[in-house]
Amino acid sequence: MAEPRIEFHDVGKSFGRLWALRQVNCSFMPGEVVMLIGPNASGKTTLIKCLLGLVHPTEGSIHMSGMAIGRDPSYRTAIGYMPQISQFPATLTIAQLLDMMADVRGLAPGEPDDGLVETLGLSPQMDKRLATLSGGTKQKVSAVLALRTRPQVLVMDEPTAGLDPVSASLVLEQAVALRNAGGTVLITSHLMEEVEAMADRVAYLEEGRLRFLLPVQEILARTDAKRLSQALPRLLEDRQLHVPAT
Amino acid sequence: MNATPNPVTLSASKRNHPYPTPNPVTLSKPAPSRAEGSKRNSQPSTCQRQAGPQPPTSNLTKVFKYTLIDLARNRFVLGYAVLLMILTQGLFMLEDDAMKALLSLVQVVLALVPLITVIFTVVYFYDIQEFTQLLAVQPITRRAILAGQLAALTAALLMAQAIGLGLPLLVHSPSPAALVLSLSGSGLVLVFTAIGALIALAQREKARGVGMALVVWLLFVLVYDAVLLWLMFAFSDYPIEPFIIPFAGLNPIDLARILVMLEIDLSAMMGYSGAIYRNFFGSGMGMLVAGLILLLWVGLPVFTAFRVFRNKDL
Numbered sequence: 001m002a003e004p005r006i007e008f009h010d011v012g013k014s015f016g017r018l019w020a021l022r023q024v025n026c027s028f029m030p031g032e033v034v035m036l037i038g039p040n041a042s043g044k045t046t047l048i049k050c051l052l053g054l055v056h057p058t059e060g061s062i063h064m065s066g067m068a069i070g071r072d073p074s075y076r077t078a079i080g081y082m083p084q085i086s087q088f089p090a091t092l093t094i095a096q097l098l099d100m101m102a103d104v105r106g107l108a109p110g111e112p113d114d115g116l117v118e119t120l121g122l123s124p125q126m127d128k129r130l131a132t133l134s135g136g137t138k139q140k141v142s143a144v145l146a147l148r149t150r151p152q153v154l155v156m157d158e159p160t161a162g163l164d165p166v167s168a169s170l171v172l173e174q175a176v177a178l179r180n181a182g183g184t185v186l187i188t189s190h191l192m193e194e195v196e197a198m199a200d201r202v203a204y205l206e207e208g209r210l211r212f213l214l215p216v217q218e219i220l221a222r223t224d225a226k227r228l229s230q231a232l233p234r235l236l237e238d239r240q241l242h243v244p245a246t
Numbered sequence: 247m248n249a250t251p252n253p254v255t256l257s258a259s260k261r262n263h264p265y266p267t268p269n270p271v272t273l274s275k276p277a278p279s280r281a282e283g284s285k286r287n288s289q290p291s292t293c294q295r296q297a298g299p300q301p302p303t304s305n306l307t308k309v310f311k312y313t314l315i316d317l318a319r320n321r322f323v324l325g326y327a328v329l330l331m332i333l334t335q336g337l338f339m340l341e342d343d344a345m346k347a348l349l350s351l352v353q354v355v356l357a358l359v360p361l362i363t364v365i366f367t368v369v370y371f372y373d374i375q376e377f378t379q380l381l382a383v384q385p386i387t388r389r390a391i392l393a394g395q396l397a398a399l400t401a402a403l404l405m406a407q408a409i410g411l412g413l414p415l416l417v418h419s420p421s422p423a424a425l426v427l428s429l430s431g432s433g434l435v436l437v438f439t440a441i442g443a444l445i446a447l448a449q450r451e452k453a454r455g456v457g458m459a460l461v462v463w464l465l466f467v468l469v470y471d472a473v474l475l476w477l478m479f480a481f482s483d484y485p486i487e488p489f490i491i492p493f494a495g496l497n498p499i500d501l502a503r504i505l506v507m508l509e510i511d512l513s514a515m516m517g518y519s520g521a522i523y524r525n526f527f528g529s530g531m532g533m534l535v536a537g538l539i540l541l542l543w544v545g546l547p548v549f550t551a552f553r554v555f556r557n558k559d560l
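Protein sequence lines correspond, in order, to chains A and B.
Just so we're aligned: 198 in the numbering used here is position 198 of the first sequence, and the numbers increase by one with no gaps anywhere.
Take the position in the second sequence, starting the count at 1, then add 246; the result is the number in the numbering used here.
Any given hint could be a false lead.
Claimed, not checked - Some chain A residues near chain B, calculated using beta-carbon distances under 7 Å:
| hint | residue |
| --- | --- |
| 1 | Leu-54 |
| 2 | Pro-73 |
| 3 | Ile-85 |
| 4 | Pro-89 |
Keep in mind the hints are simulated off the structure, nothing from the lab.
Cβ atoms here follow ideal geometry from the backbone N, Cα and C, with glycine treated the same way.
Just need the whole structure built from these sequences, with the hints factored in.
Structure below.
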């Protein structure tokens with residue numbers, strides 16, 4: 001059996017008195033898409049920020065490919081991240097931004113896979129300043145940045161928010177393709193259709209606690225439902241439910 | 247209408263997709279050089295096999311370069327340069343005596359430069375918050391990110407000042423006093439960029455950060471002078487000389503003013519304290535101490551800003 005790519009051991013995070021995450025234990029495998037869902041302020045974004053090193057856990061540890069992540073940033077070479085809100089330096093052009101990020105990752109010109117630039121229709125806009133782009137176009141740029149290095153781990157925070165249907169579909173297809181090639185994909189989403197379409201497993205967070213991390217098929221089977229949107233409320237009715245996350 | 251692709255299509259897409267295998271990365275391996283990167287170019291699927299973190303200085307330079315490109319086109323920076331040029335040029339055109347114009351300019355520079363620098367630094371750091379987040383998820387240290395951004399911001403403001411203030415001074419009054427004014431202005435840019443960065447990093451809310459920057463500026467420009475004046479009157483019967491010099495060091499703007507006034511030889515205008523300042527800061531040792539105090543005013547906020555940024559949840 002494959003080793004987990006990402007492991008959370010008793011991870012907790014408090015902001016002052018408020019605990020955004022409590023005793024999160026879970027692991028994510030290579031070749032799977034895990035959708036992180038839960039109500040607003042349930043800790044989804046904090047969880048992925050802990051993995052990305054943006055937020056320092058108050059307790060517990062996170063391992064990637066068997067190694068504990070700390071302040072050494074080298075593990076992030078293997079991570080692609082698409083944030084919920086994309087803001088870039090206003091006067092840089094798309095081309096300059098892509099060059100900068102390739103530069104920061106130590107890639108030679110031509111090394112990153114920029115086929116996605118073409119696919120998402122960004123080619124004619126490469127010399128446009130980022131301040132002049134619409135929110136959706138900025139999201140496309142963000143998607144290119146996250147996917148172009150073909151990372152082992154792809155983290156997407158509400159990736160389709162603000163994207164047009166075609167672009168949203170293209171971005172999600174790329175994520176699925178990455179999963180099929182052995183990557184680990186973590187996505188936060190509020191859209192049940194999106195979750196149902198993509199997820200291999202679903203992680204549900206509530207008040208900072210991981211209530212369950214289950215394969216989609218198991219959720220459907222347990223609740224005798226055909227759709228996740230029907231299954232989740234039934235599953236959550238069982239207040240005792242706290243499935244150990246593996 | 248939902249944008250989500252057909253569930254069946256996506257679920258079924260576990261078939262072999264023409265997508266290259268994700269780059270396997272050995273976490274502990276050192277960064278490859280660019281030349282090595284080029285050699286690997288023929289194997290795109292493994293292009294990152296040996297990719298790792300770049301040396302901090304190298305990443306610092308990259309962040310510096312692109313931040314400076316961004317700032318070079320920033321309207322505020324360009325506007326700052328133009329404003330300084332109009333003010334400097336205008337004062338020299340209005341006054342027949344270049345020294346009088348220089349004196350007026352001292353007051354303008356010592357009030358305006360800290361205000362614009364601290365406010366712009368605070369606003370800029372808030373504006374690039376999301377981008378800083380994006381940089382922080384790259385294999386790059388936070389130290390390199392902050393150092394690159396801070397260096398670029400300082401360089402941009404110094405360049406704007408060199409164009410807006412330095413050039414007209416060179417044309418109208420190429421004197422040691424003008425040089426000291428330029429250098430003092432540059433020193434203030436360094437100090438208030440550092441203070442602005444610290445405020446922006448320590449305070450999460452933009453409005454509060456800007457408010458705090460204004461308060462800091464008011465403290466240095468108005469409140470400090472008022473307190474100093476009150477203290478000198480209140481304790482005029484006591485020997486306060488030993489306290490005047492250290493007190494000057496508490497305000498970088500006042501320190502800069504003293505240095506310029508001494509160079510223009512108008513310390514007499516500063517009365518009793520002017521004589522004390524002349525005795526101390528007029529000497530080589532005094533200048534050295536003044537320089538060191540200004541360095542401290544830069545170093546302390548920068549050091550604290552790095553500590554805050556290192557532990558900050560972004």
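Quick rundown of the hints versus the structure:
1. For Leu-54(A), the interface hint holds, the least distance from its beta-carbon to any beta-carbon of chain B being 4 Å, beneath 7 Å.
2. For Pro-73(A), the interface hint holds, the least distance from its beta-carbon to any beta-carbon of chain B being 5 Å, beneath 7 Å.
3. Because the closest C-beta pair between Ile-85(A) and chain B is about 6 Å apart, less than 7 Å, the hint holds.
4. The beta carbon of Pro-89(A) comes within 4 Å of a beta carbon in chain B, closer than 7 Å, and the hint placing it at the interface holds.
Violated hints are absent here; each numbered hint is respected by the structure.
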